[in-house]
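These are the residues of each chain, in order.
There are 2 protein chains.
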Amino acid sequence: MKRNLYLDVQEKEEALENFLGALAHIRPEKQVVSVTESLGRVTAEAVYARCSSPSYNSCAMDGIAVISSHTKGASENSPVLLEYEKDYVDVDTGDMIRPPYDAVIMAEDLIETEDGYRIIAPTHPFAHVRAVGEDIVTSEMVLPSGHEIRAIDISVLLSAGVTEIPVIRRPVAGIIPTGDEMVDFREALEGGGPEDGKIIETNSWMFDGLIRENGGTAKRYGIVPDRPEMLKKAVLSAVEECDIVIVNAGSSAGRDDYTIHVIRELGEVLTHGVAIKPGKPVILGKVKGRPVIGLPGYPVSAYLTFTEFVIPVMNLFLNRERGREEKIKARLTKTLMSGLKYEEYVRVKLGMVDGQMIAAPLKRGAGASMSLVKADGFCVIPQNSEGIMAHEEVEVKLLRKPEQIEKTLVLIGSHDIILDVLNDLMKEKRSGMSLSSTHVGSLAGLIALRKRETHLAPSHLLCEEDGSYNEAVIREMFPGERMAIIKGVRRRQGFIVKKGNPLNIRSVRDITPEIRYINRQKGAGTRVLFDYLLKKEGISPANIQGYENEAATHMSVAVAVQKDNADTGMGIYSCAKALGLDFVDAAFEEYDFVTYAEYLELPSVQEFLCALTGEEFGRHLDELGGYSREEIGKIRLISP
Amino acid sequence: MKRNLYLDVQEKEEALENFLGALAHIRPEKQVVSVTESLGRVTAEAVYARCSSPSYNSCAMDGIAVISSHTKGASENSPVLLEYEKDYVDVDTGDMIRPPYDAVIMAEDLIETEDGYRIIAPTHPFAHVRAVGEDIVTSEMVLPSGHEIRAIDISVLLSAGVTEIPVIRRPVAGIIPTGDEMVDFREALEGGGPEDGKIIETNSWMFDGLIRENGGTAKRYGIVPDRPEMLKKAVLSAVEECDIVIVNAGSSAGRDDYTIHVIRELGEVLTHGVAIKPGKPVILGKVKGRPVIGLPGYPVSAYLTFTEFVIPVMNLFLNRERGREEKIKARLTKTLMSGLKYEEYVRVKLGMVDGQMIAAPLKRGAGASMSLVKADGFCVIPQNSEGIMAHEEVEVKLLRKPEQIEKTLVLIGSHDIILDVLNDLMKEKRSGMSLSSTHVGSLAGLIALRKRETHLAPSHLLCEEDGSYNEAVIREMFPGERMAIIKGVRRRQGFIVKKGNPLNIRSVRDITPEIRYINRQKGAGTRVLFDYLLKKEGISPANIQGYENEAATHMSVAVAVQKDNADTGMGIYSCAKALGLDFVDAAFEEYDFVTYAEYLELPSVQEFLCALTGEEFGRHLDELGGYSREEIGKIRLISP
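As given, the protein sequences belong to chains S and G, one line each in that order.
Residue 564 in UniProt numbering is what sits at position 564 of the first sequence, and the numbering runs on without skipping anything.
Residue 347 in UniProt numbering is what sits at position 347 of the second sequence, and the numbering runs on without skipping anything.
Since the hints were derived computationally from the structure, they do not count as laboratory data.
The calculated DSSO-like cross-link candidates involving lysine-lysine, where the alpha carbons are at most 30 Å apart (straight line), are:
#  : chain 1 : residue 1 : chain 2 : residue 2
1  : G       : K401      : S       : K327
2  : G       : K374      : G       : K522
3  : G       : K563      : S       : K86
4  : G       : K407      : S       : K30
5  : G       : K429      : S       : K327
6  : G       : K12       : S       : K429
7  : S       : K535      : G       : K72
8  : S       : K407      : G       : K327
9  : S       : K563      : G       : K72
10 : S       : K577      : G       : K30
11 : G       : K327      : S       : K429
Computed footprint of chain G on chain S; a stretch qualifies when at least three of its residues, placed anywhere within it, have a C-beta under 8 Å from a C-beta of chain G:
#  : segment
12 : 153 to 166
13 : 209 to 216
14 : 365 to 375
We put the beta carbon where it would ideally sit given N, CA and C, even for glycine.
Next up, chain S with everything else stripped away, as it sits in the complex (with noise of 0.2 Å):
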C-alpha cells in the first residue's frame, strides 16, 4: 500500500472548533438515578423539596415540654412550680410538640423537687422548638441545575422527601485497539512477556481511566487486527453502542494506517493531523452523527491528543465548560528549542527552590511514557514560537497538585537506582514530602545548584590530579560561597559486561575496536571516569566503537548489554546485578550530594538525612549490592 506522507496539518485551536462546530448537534442527556447512588454526579435540573423537614414541632433540647402561658412571671425572688401533665412533659431532643405545649425549657435550666420542676425565668412560645419547615419547606429549590452531589446533598435530599433525581447521563466512550503488533497483556505476560515484535496493548486501559477520571462511562472492544473490512466492522457496531469512538492507533499514515480510510468509508473527515508536538497524527472525523476519533499510538502523544480532543467532545455531554486544568508560572531551567510548525508539550519536573518554582524539561520523546509518570506537569511552546530561553517564566500545566510539589526536595544532577528507594523511603514516612530528581549527570547538576534550581546535586566527580571526588570541584565552581556535602554511598564502578564475560573484557585496554561500546551523555560523572581511564592508558576515543551511543543512566547501559546493542558500558554494580549480568570493577568512587550550607537547615533536607541513614536504607543498600556506607549522612561544610 502506498504511503500518504504529508498530513494536511491543522492548527490544534482551529481543528477543535470546527470538531465541536460539526458536533453542535450533541446535548446533554438526563438519567434518573436514586439519591443514595448520586454521589458525585452532577444533576441535570433543579432539585425541590417534596416535605418540609422537620415535619412538624419538635424539640431542640433535652427537657421539658410546657404551656408557655403558664411560665409567667417566673424569677428568682418568685419560681413558679411545673407540674406533671398540668403544666409539663417530659421531652427529648426530636421529640414532637403537641398542643396545648408551645415550648420547651432545657433540662440544665430546671430545679427539680418532689412536687414538679421550678423554674426562675418565663418562656414564649417556640423556645427551643424547631418549628416545622424551619429547615427546609416544601417546594423550596434544594439544589440548581449544574451542581455536583456531595455527601451532605444526600442527606438534605432524603430529608426533603426526594429519593430520586435527574442528573446527567455520562456519555459512553468506546475505545477500539488496533494493530496486528498489539497483544492483550493477560496473553503476552502469560508467557513471561511480549514476544519479538510483539507489543502489550496498554493505551486502552489509560484511555479507559481518562475517561473514568474525566464522569465518563469507558467501554474496551478486543485488538482489531490491520484489516480495513475489520476495522469497519468494528467501528460500525461501537457508534451504535457509544456516544464517542475512540480508535487507537493506525491515525497516521503508514502503510497498515487504515483509521482514515475506515472514517472516511464510514462517515465524514473533518481533521487528519493537528500542528501539536506529540501528537500530530489525530483524526477527527464523524459516522452516523457520533464523534469518532484516531488517535495516535505513542504512550505520550496519545495521552495529550486525548486531553485536548477527547475530553472536550465528552464535555459536550457533561454539560460542562471546557478543562479546568491546574496551572502554574516556573522558571525553566534549560533553553526548551522548538520547531515553528507545532505547538510543543514539554514534560517538566517541578520543585520550589528559594521561594522560585523551577520547571526541568523531562525527556522530550514521544514514547517515554516513564517520564509522563514521573512529570509534574506540561510547560507548553507556543506554535510560531522558536523554543524558550532559560531562565524564561513558562506556564505549566499541572499533572499533581501544587502543595505536593512545594513539598518536593529537588535533586538535579547525576543518576543512582538510590535515589529512587530514597524518594519510597521519604514517601512512606507519609509527612507530605517526597524526593524528585532529574539524571543530567554530575557538572550539569552543579550547574543547576549553581543557579540555584536544585536543592541537592548527586555528584561523583573525579578530580584526575589527585583521585579525589567532589571536593576538588566544589571549591572551583562555588567561590566565595558555603557549601556542603552529604556524603552518600561509595559504590562500584566498571564495565557491565554480557553472563560470564565472553568478551574476557577486564580492564579499559580489553575494549578494542571490534567491541560495541555503550557510553553515557557528556558530563556525566562515569563519562568522566572512562575519559580518565582512556586518557591514563593512551588510548583515543577515536578506536572506541560506540562512543558517541550515548544512554542517560546506568539502567539504560545495562539493558543495552544485556539485550546485545552493546558487548559493555561503564556503570555501578547494582544495574549489572540486578539484570543478571556480569561485572568488572574499575572504581570504587564517592557518590555525595552537594548542597549551600544553609539548605541543610530545609525540613525537606532534614527528612532526606533521616531517610538516608536510616536502618531500612541500609538493608536496601545490601540487597542492591555494589555499596558501601562508612561516612553516609556525614556533613562536610567547605567555608570559603
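Mind docking chain G on chain S? Use the hints.
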C-alpha cells in the same frame, strides 16, 4: 431513666490526641488488586518493572530499516542508492528492527526511484530506533509507595509487565443508625412523608457518602430502636465486621441515649463530650480494639464531628496525613459572638467583592442542614475567644472550590424565591458563574452594599411619604455615589392565610388580638410594609399576637400558616401558591436589585442581567405566579 446532665467536656485537640493514642495499634493493611482496577487507589509499597519497554529494538518512525554502514558518504552531490533487502526493508512505527538492520530512515527523507530509494545523508546506528528498555528497564522502580494511581500509571504498569499491585486496603466503616423516632426514607415516603413524631433517617446516608469520599468502604446497618440490648448486639456484630463503627445518634445524655452505656459495658469510653459547637455530644470509645464513635444526631453536628473525629481515624488505616482541607482568608460581614467554652464552627457564604473575599455568616442552628448545603465554608471561632468582630479577617475552611467562589455574584438583602431560579438559570448556562444570596432583609442588604460586601442588594423598601420604592432610601444612604437600580419584578405582597381563609382576613384591620400572626425580622421590607399598614390604621404592634415571632423568609411564613403555627403573616403570593394557601392582596411592590453603577460592568452582573431578561425566567415567573415584569432588567442610574 435519670438524665446524666453534664458531660465531662474535653478540648477537641486533646480528645483527638488521646483517641489516636489509644488506637496506635492500627496499621495500614495491604491488599493486592488488579492494575486495571486500581484507579484512585494508593500503592502500599514501591512497584518495580517486571519487563522492559520496548521489549525489543523498535522502529520509531514510518520509513525503512537500513544497515547504517551502507549509508556512509551519502550527500546531495553523491546520493547513495539503497536496494530492497540488500540495504533496506520497509518498516512502520513499532516494527522490530532485526540484524543486520540497525537504523531507520524516515519516509520523508527518501527519494523513490525505480531501483530503490536514494538518500542524500548518511545515518548512524540506532537512528530513529527505540532501543530495548528505552522507556522502562526491568527491575527499575515504576512507582514509589503512597502513590495515588492515575490513568497514565495504569498503562505504564502494564507496559512494565505488572498486572497486580499492592494497595492500601480501604477501611470498612460501619454505620449504626439508632432512635425510636427514626424511620427509613423508603418507608417514610411510601406514605407521602414521615408520620408525626417520626424523622427520616438521613445521617447514615451522609456518612455513607463521606466515607466513600474519603477513601473508605461504608457498611450501613438497619435502624436500631432505643433498646440497650439491641444496640449492644448491633455494636458487637459491627466490630466483628468493620474497622470503625459509628453509632448515630444517642450520643448525648438524654433518657434514651444508651450509646455511652453500651460502649462502656462492651469496652471503654475515652471521651464523652467535646468542646466544639455544634457537635458537643461526641463519644470516642473502643470495643475489642476497634474504634467505636458515637456522633450527635443534628445533621450539622453529625457532619462536623465526622470530619473532626472519623476522618483522622480513617487516615490511620489509609496511611495518610491528617486532612488536606482548603482554607481561605476572608473578611467577616458581621460580628459573631461565641461562648468561651467551645470552639465554634459557623457556616458562611463567601464571595469576592471589589477584590476582597467576604464571608457572610449563615444560620447557626445545628439542625439547619440546608444551610450546610448552601454554605461555602466554615469560619472557626477558637475556644477562649468571645467572638470575632465584623470586618476582621477570618480563616474559612472551604466546602467549595476557590475558583467557583471567585466567579460567584453576591446578593445580600431581601428574600424572594426567584433568586433560586436565577441562580439555577445562571448555572445552567455553564459559564461557571453562579449567584449566592444571603437573606437579611432589604435594609441590611443596603448596609452591606455600602460596606462593599455584596455586588447586588435585592430591595423593596417603601418610602412611607410617597409610596415609592427604593430610590428615596438609596439617595439617603449613598450620598455622593453613582448608584444603579436594576429593575426586577413587581410582586403581590399580602396576607398568607389558610385555604378558604377561615378567619376571613381581608385587610390589616382584620388582624385582631385573637389572630396568631407571624412576623418577619427587623429590616425586612415586608416588615416595613406591615408596620406602615399598622400605622396607617392606627393599630399598635402590642395588639398583634406574635409580633415578636420572626421568620426569615416568605417561605417560612407560608409554612407556619400551612402547619398552623400561625393564622396569618405577610408574604409574597408565589409562596402562598407554592404551598396551596390562600392570599389577600395588600400591595403590589417593586422588588429591585441595587448596586454601584460601576458594578454594572462586571461579567457576573452582565450574566445576571442576561438571566433576568431571558424568556426562560419569564416562563418561571408565570408559573410561580404573582409577578409582573414590565420593567424587568431596566437600569435606572442615580447620580449624586
